Amino acid sequence: MIQDFLRPETIDEALALRKSKNDGCWYAGGSYINNADNGDVCGTAISLERLNIADISLAGDFLKIGAAVTLQVLIDTGIVPQILKDAAKQISIRNIRNAATIGGNIGSRSPESSMIPILIALDAQLDCAESGSVSLETYISDSLKDLILSVRIPSNPVASAINKISRTSSSPALVHAAVVLSPGSEPGSVKKARVVLNGISGCVTRIQEAEDAIVDGSLRDQEAIQSAVAGVLQPDDDYRCSKEYKIYIASVIAADCILECLGGLK
Amino acid sequence: MNITCTLNGVVKSAYYAPGETLLSFLRSLGISSVRNSDDQFGFSGSDTILYDGKTVNAGIMVAAQADGHKIDTVESMNNGPGMHYVQSSLVDAGVVQSGYNAPAAALLVNDLLNRIPDPTKEDIKDALSSLYNRATGYQQFFTAVEIAKQRKNDPAYNQAVSDEFREDLRYIGKAHRKVDGQKLVKGEKVFVEDMVVPGSCILKMLHSPHAHAYISTIDVSKAEALPGVVVVLTYKNVPDVYYTPAGQGFPEPSPYDRRMFAQKLFHVGDRVAGVVAETEELALKAISLIEVTYEVLKPIFTIEDAEAEGAPVVHNAKVSYAVGAPDDLEEKNAFADPRDGRIEIQFPIGADPHNNKAASVSGSIGDVEEGFKQADVVLERTYRTSQVQCTPCETHVVFTRMDGDRLIIHASTQVPWHVRRIVSRIIGTSESNVRVIKERVGGGYGSKQEILLEEVCAYATWITGRPVYFHYSREEDFTSSVTRFPMKIRVKLGAKKDGTFTAMYMDLKANTGPYGNHCLTVPMNGCSKSLPLFLSDNIKFDVNVFYSNILPTGAYQGYGAPKANFALQTAVAELAEQLGMDPLELVNKNRVEEGVTLEILRCLGEGREGTPAKILSCGLGPALEQGAEMIVWDRKETSDNPDVKIGKGVALVQQGSGLPGLDQSNADVKLLSDGSVIVHSGGADLGTGFDTLCVKMAAEVLCMDASRVAVLTGDTDTTPFDSGAFASSGTFFSGGAVKNAAEVLKEKILAAGAVILGEPVSDLKIEADERVVGKKGKTDFRTIGHRSIGGEGSGQLIGQASFTCDEASFPYGAHFAQVAVNTRTGEVKVQKYFALQDCGTPINPELAEGQIYGGVLKSIGHTLYEELIIDENGVCRNPDLRNYGVPMIGELPDEFKVKLVETTDPYGPFGAKSVSEIAVNGAAPSIANAIHDAAGVWIREWPMTPEKILRALGKI
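For the protein sequence lines, the chains are W and E, in the order given.
Here our numbering is used: the first residue of the first sequence is 44, the next is one more, and so on.
Here our numbering is used: the first residue of the second sequence is 422, the next is one more, and so on.
Just to be clear, a hint being listed does not mean it is correct.
Unchecked claim - Straight-line distance between alpha carbons at most 30 angstroms, and here's what the computed DSSO-like set of lysine-lysine pairs gives:
1. E/Lys1250 / W/Lys286
2. E/Lys794 / E/Lys1035
3. E/Lys1091 / E/Lys1035
4. E/Lys475 / W/Lys132
5. E/Lys918 / E/Lys1035
6. E/Lys1369 / W/Lys286
7. W/Lys286 / E/Lys1066
8. E/Lys1318 / E/Lys1057
9. E/Lys1376 / W/Lys207
10. E/Lys1250 / E/Lys542
11. W/Lys128 / E/Lys542
12. W/Lys132 / E/Lys491
13. E/Lys491 / W/Lys107
No lab work stands behind these hints: they were computed from the structure.
Quick caveat: nothing in here was measured; it's all calculated off a predicted structure.
With these hints in hand, go ahead and build the complete structure from the sequences.
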């Protein structure tokens, strides 16, 4: 339970407070931290409210999104790529989107996060207060806790797709899939592929075997893609469904995303 | 700590406690409209506020976030005595029924229209994505937004919100602004939680961590020693009284197998101890200080577990009967364990608790075996239903206090009189010492037909003299209130080649869980509300109900009908496939129709012998005909996506209109000195519009303007007896009493007018505007009312009447579903759903439609998404709305339409039958049939998840 709520005026002050509070956490909208579904995760809230990190701007070929930008603002901002808006909309409840921020969604590291998979697929870079620029993938894999100031993504991704499976529009996602392909020099060829799943094994997962096969051109057929994805999945137990179903459905939506992207490259 | 914020335009500085949520902070400032339905899950939207102009959930914000910010609640829209145009639009469209989060709905719609003056359907769905609405199922919100959009510029704008019925009547059959709508949508203090007085104690419960166990030792001394703890209740210090939580008429057909606290624990979440303390924090602290050791027993969870040879006995209790004890009772009682306590049964219900059987019953007409021999095709299938929950926005809640020597219970209940009777018996006082005030009910759907909190809270107040508040958390509501009985239903049908049924058999097994509330009547109701939909000379049913250690079951809208109807109607569709017939043709060939006598009802009384019923009103013919046209039954739909297959299904539905021969309702209608009237009814308005119905019936009978009729209902001190709001009795019984009482008053007014005018009563009639007109002269209600209470008057004119009925009036309906099944993912999308309902004369058509929309969406939820999942230890894995899977607006069928098919019932008031429960009976079978039509697989178990469909398709 949050016992103390601090509002630093500067990033330096925020960092100093964070170091002095063992039970501290970065706090934006609070929609994740305060949600009973996520347990009691914070004793001292260090608010990001006054740090001026809630802008969206274009910087060359990249879009820079302040960590405190809410998911609804992402949706409502014209220069944000549609795929990112669609990912934000996968949080179906508008009230939540009005409170939840992109930085908070990343910081939650939640297996339910709809933003982490597409951002990793887009090879998002984070501007962190102490570590500087670091890839989101590294931030997650290395369990970094550094204050995220902004997120940078390509402003115009060529081929991207997402999907999710949940029992209802508002119930927890069983699996999120996100795929981004970069075109090669030949028509239909792929220079770079990212296939990312979240929720299937607790933490976000890149399916590198499939990515490699997409790039080398050996993976184009639906059944083969499904098989390639399914072969590497080791889902966690889940009271909602069987492992068998989880593997099947994750491979199906991953394949659908891949094929959608490949279609976009033709 | 202090914060300063701008609340509804006014700068406020106030203290907040560390860790306090913004929701709690706002309520401490007197904002009653912001409510809690989900305990910080950010799901239900009852806690919606505007935070710097954006809609957010105050329950998942801390109070500190308010500092320096602008916060608006629905109170910001409440300017003056009337309603904001958004609020009135919501009420007029019929979406404000239970109304617990109606203020949130008003904020969300107002925000939408401020952002987008002319919103699309998708914009509306996005705006309402934050709102959980169990009562009316969202569809009418589209109408509400349309009205609000127009009223923004034209406050007088109005439009038809439903069809109209009965041209000969002024109010009956016409839309009318719900009389309690304004106070609900404005967020006024109308719910139990709003009645709690400062300084009240809080009651918190220590729940069992085990599904089946004895309490070996329990030490509450540390808890009792904590300053501020008022009393700790355990099995050692509560009355040794057994009862049933079921709010049914006495003598109940449910075993008395519950004690306020018992040494044996029957499910995870069962009561171990109750702590009453001066604050919630103290109560929780005290609970943590209670030391308990348990003797853990092997639990059983399924029907198969319960009926297995040598199964653990859930209630190894000493059983007694008020009448009709079986001969071997003493022999079986010899093995009872005193720690299991007692079971008291009022009359034989086919129980054998020592073999885990809570109840059983069989019945038949004709010769079923002979009927199957005559059949050309015999089909036998087994269906299963899951454990689902009512999930009202307002969880179970009660507030009790003393008024001198009398106990006052502020309850959110469907059965005020049963609460009074049961509580007074348990605490050991007379009914005259107990007053139950039914406050506005934030959703019941059957779950508030149970006495689940009231007796503990009442007892705590009775022995301490302190006001006590007890409010279940959402998790407690899932684990410690009631759910639908899981059932396993085997159906056997025999038919000739031409489709004529030769025999029908239903073998229904039900899992009542830890207690036997409604254990006989819910499963029997499954038979009585499904089998009579079809005609056959040979019908038989067997019902067996078993105790187990799952979460408690009980009443839920539809009672047993949704489960048995799923089984029977799906079996009929499967039979059609075997016969090579169109299922609609087979249904039409065998269905009930006006004029037939249903002999099977002789065997299907609720806890007593039934009687055959002649069906004098049945709208199934036009319902099926119109529904088939609406869904274009004969056309096969296709999809552009080769993986997606589209299919259609149909199901018949029926319910009852109260319990003939068992229920009784009473009402009085008083003439006031200015000619206006006030109605007192014992009926309980659960948000369904019963109060509005009372006003309309009295106004109609007395030719008055409805604005001159006031109504007071559901208070055991100030209104007359009523059996309660269950079994679809409200319109038929409680409404019937109001109509009868108004007619008695009408006769008295005419008699008084005759004296004034000096004319015979036979020459007088009542006309509009409260006039009494004779052949020679005229007078009015005001004159009559004034004279009646004067020093020389006859006494106040009061029409008092009761309503009982021995005749059955069945509402009927036909539900049509069109689904798209993705055969690759197993996902089912309900594209179209049409519910055609015959409720006789619809008294409140727009509210009736709302109830049907809500009932259908609930049952779509049960069919496709919802299920309570317990693990191998009986622990519920998903006790919150989100993980449980209630449908939200995102699950709304693309095309969703309710159509009321008018018939006139000879027994109901103004020809009305019930409408409240029936709507939940059609989704499961019509969707199951549509899935088969689409994908060729029969799914015979709830919920019909993508995984089950994929398995049936052989994909996994």
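Consistency of the hints with the structure:
Taking the CA atoms of E/Lys1250 and W/Lys286, the gap is near 24 angstroms; set against the 30 angstroms cutoff, the hint holds. Taking the CA atoms of E/Lys794 and E/Lys1035, the gap is near 28 angstroms; set against the 30 angstroms cutoff, the hint holds. Note on E/Lys1091 and E/Lys1035: the hinted pairing is violated, with a Cα-Cα distance of about 36 angstroms set against a maximum of 30 angstroms. In summary, the hint linking E/Lys475 to W/Lys132 is supported, as the alpha carbons are separated by about 16 angstroms, within the 30 angstroms threshold.
As the CA atoms of E/Lys918 and E/Lys1035 are separated by approximately 28 angstroms, the hinted pair is consistent with the 30 angstroms bound. For the proposed pair E/Lys1369 and W/Lys286, the alpha carbon gap of about 13 angstroms is at most 30 angstroms, so the pair holds. For the given pair, W/Lys286 sits about 26 angstroms from E/Lys1066 by alpha-carbon distance, which is consistent with the 30 angstroms threshold. For the given pair, E/Lys1318 sits about 20 angstroms from E/Lys1057 by alpha-carbon distance, which is consistent with the 30 angstroms threshold.
Distance hint between E/Lys1376 and W/Lys207 is fulfilled; the C-alpha atoms sit about 19 angstroms from each other, no more than 30 angstroms. The suggested pairing of E/Lys1250 with E/Lys542 holds, with an alpha-carbon distance near 18 angstroms, which does not exceed 30 angstroms. For the hint pairing W/Lys128 with E/Lys542, the CA-to-CA distance comes to about 19 angstroms; that is within 30 angstroms, so the pair holds. A hinted pair counts as satisfied when its Cα atoms are at most 30 angstroms apart, and W/Lys132 with E/Lys491 qualifies at roughly 26 angstroms.
In summary, the hint linking E/Lys491 to W/Lys107 is supported, as the alpha carbons are separated by about 28 angstroms, within the 30 angstroms threshold.
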